[in-house]
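Take the given structure of chain A and dock chain B to it, following the hints.
Protein sequence lines correspond, in order, to chains A and B. For what it's worth, our numbering labels the leading residue of the first sequence as 311, then goes sequentially. For what it's worth, our numbering labels the leading residue of the second sequence as 114, then goes sequentially.
If you're looking for bench data, these hints aren't it; they were derived computationally from the structure. No false leads were mixed into what you were given.
Pairs of lysine to any residue residues, derived as SDA-like cross-links and limited to a Cα-Cα distance of at most 20 Å, are as follows:
#, chain 1, residue 1, chain 2, residue 2
1, A, 315, B, 328
2, A, 315, B, 244
3, A, 313, B, 240
4, B, 229, B, 312
5, A, 689, A, 726
6, A, 663, A, 626
7, A, 313, B, 243
8, A, 315, B, 262
9, A, 315, B, 253
10, A, 315, B, 267
11, A, 313, B, 270
12, A, 313, B, 255
13, A, 315, B, 286
14, A, 313, B, 253
15, A, 743, A, 673
16, A, 315, B, 255
17, B, 335, A, 311
18, A, 538, B, 286
19, B, 121, B, 200
20, A, 538, A, 487
21, A, 538, B, 261
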Amino acid sequence: MPKPKSHGFDTLSLHAGARPDPATGARATPIYQSASFVFPDTDYAAALFNMERAGHVYSRISNPTCAVLEERIAALEGGIGAIATASGQAAMHLAIVTLLGAGAHIVSSRALYGGSHNLLDYTLPRFGIETTFVDARDIDQWRAAIRPTTRLLFGETLGNPGLDVLDIPRIAALAHDHGLPLLIDSTFTTPWLMQPFEHGADLVFHSATKFLSGHGVVIGGLLVDSGKFDWDQPAARGKFPTLTAPYRGFHDMVFAEESTTAAFLLRARREGIRDFGACMAPMTAFQILQGIETLPLRMAKHVENTRHVVAFLRQHSFVGAIGYPELPEHPDHALAQRLLPRGCGAVFSFDLKGTREQGRRFIESLRLFSHLANVGDAKSLVIHPASTTHFRMSAEDLRRAGITEGTIRLSIGLEDANDLIEDLSRALYAAGKS
Amino acid sequence: MRLAVAGKDVYAYSGTLAFDASRPTILFVHGAANDHSVFALQSRYFAYHGRNVLALDLPGHGRSSGPGLASVEAIAQWLIQVADAIGVPKVALVGHSLGSLAALECAARSPDRVEKLALIAPAAPMPVSDELLTAAAHDEPLAYALINGWSYSAGKQLGGNTWPGVWLMGNALRLMERMPNGMLATDLVACNTYMNGVEAAGAVRCPTLVVLGARDIMAPPKSAAALISALPNAQTRTLADTGHALMAEQPDQVLDALRGFL
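Chain A with its partners taken away, still in its complex shape:
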């Protein structure tokens, strides 16, 4: 028999999970804008509800358009499956509540998106889930923070906004030594730049609002399971009863017995999406699918443009430190070369020398860069984290996260790099004169 060939990343970006529509021949994935799906007979309906047959019942639980997107991201990440959620925040929440309950504990990198920090530091403690934040680069802090009640380790591939590169192989090994899974927010990198499962991560989520959809038109999240973590292994025994003990909410189903590899996904869909209900709309899934079709092309251009912009800023007298791991002075430069050989993405921060007022003048003088709270758009974006995305953090927490009053975060889009540089140059000049 001829040796089988697996499909490449670009091919999977276009095809994984999708087929020409068997009903109409439509080549694009149809938007199945239907709340429910008709049962052929009562026995079939009962079988669908009881997981004796596979299929769609109600679009909160699953939807054909969303299912195409779920298969596609799972294929691109090298996972076994995924769940599409209402937002990246919903994906993170779904991951946590599928595994943890009151009394459980998380160890998390301190270098986080402000929204993730809000959930972990302010909201989840109200439900009995505590988080210890650690310096992402200090493995001893990670180790020391693990308690008997710890159930999850968490970090971002590239920490927001300082672009700390998470040493996933090392932290995954630590997690696994303790019978714990590692959850990764891979929003900034997308699977085109890094597949965290290859490095030992167990679960990945994305804010698909960003580079995956790529055009700043939708809010959506994706939670992907590697299928690698053995919830029944001796080191994990008794830690994850949601997956290994009978579940009264589904005929005493033991999810880890029902599916050897996909227990987490089953519980997340049969409980988390069913009960919390933060599902993705099919129109949103369609738009994210459209974005993913060109993900390889866009990410290459995002990275190329970012390198031009960083090179310009680096020689500008009004610019201080630049937090981009491709630069040799970045503390994670060597790690980035190892884990991110294709590049370090298109979001980075730099410090503007000067006053807070000059920072304001800089942002307001930009014309191509849009001042808003988002990243990963095809258009270039700018924000001042200390007064916006991270404004709830104390001065000490800001310092620890590598954010100063002068920190400016850029998300580099797909415009001509020369036009972006001209825009930045003019705004820097205006700020310098003010």
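Showing chain B alone in chain A's frame:
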């Protein structure tokens, strides 16, 4: 459910339902480097439709303790030991690939114990390529990649499956990766060396269903022709556009074929 079979701990998925001696019993027997979960949908259906279901983890697979059984004949003998362990006089057997050969051999050896036989993707003989045997002997990832690439039909290798949100190729790969070292090689050697398929088919006395994938290149339909001819009471269903991983690619069609038979 957990059983003690020949002094070893054995796991069988039962749909989390208790065994009921008044009900007929079905044993599901998985293929090489798989476990009970490949029959998740089909076995759960029958568990909730009046049968005792035991979707087995063969010794050394999944949650059953090892060592693995080295031949089709040994697995066939073990299946009767399972029936003895639960104390049932007769069982229906549903086997896939290697499991279908074991079920066939079991039905031939113990016609008084097997009342119905369903063979999914059987072949007689079931030769395994030297490249795959060599890779499996060294537990190389190549072995899993070869099986995955050959098991799924070309259309299904890009997904679009009926189980929402599951990427079948990735799921199948992960399941195989969980096997202990040497298990895949043991299973493949068992397939490769079993030469009694056609003769065993002639000795089967119970009604038999054969389910084939039209695009199966691991156990091509033509490789089952002699076996089917030798079966005295067989019906055959061939699923269009389906490869070797029939339960994953066409879960409903496999279930419907079994429902019509069992």
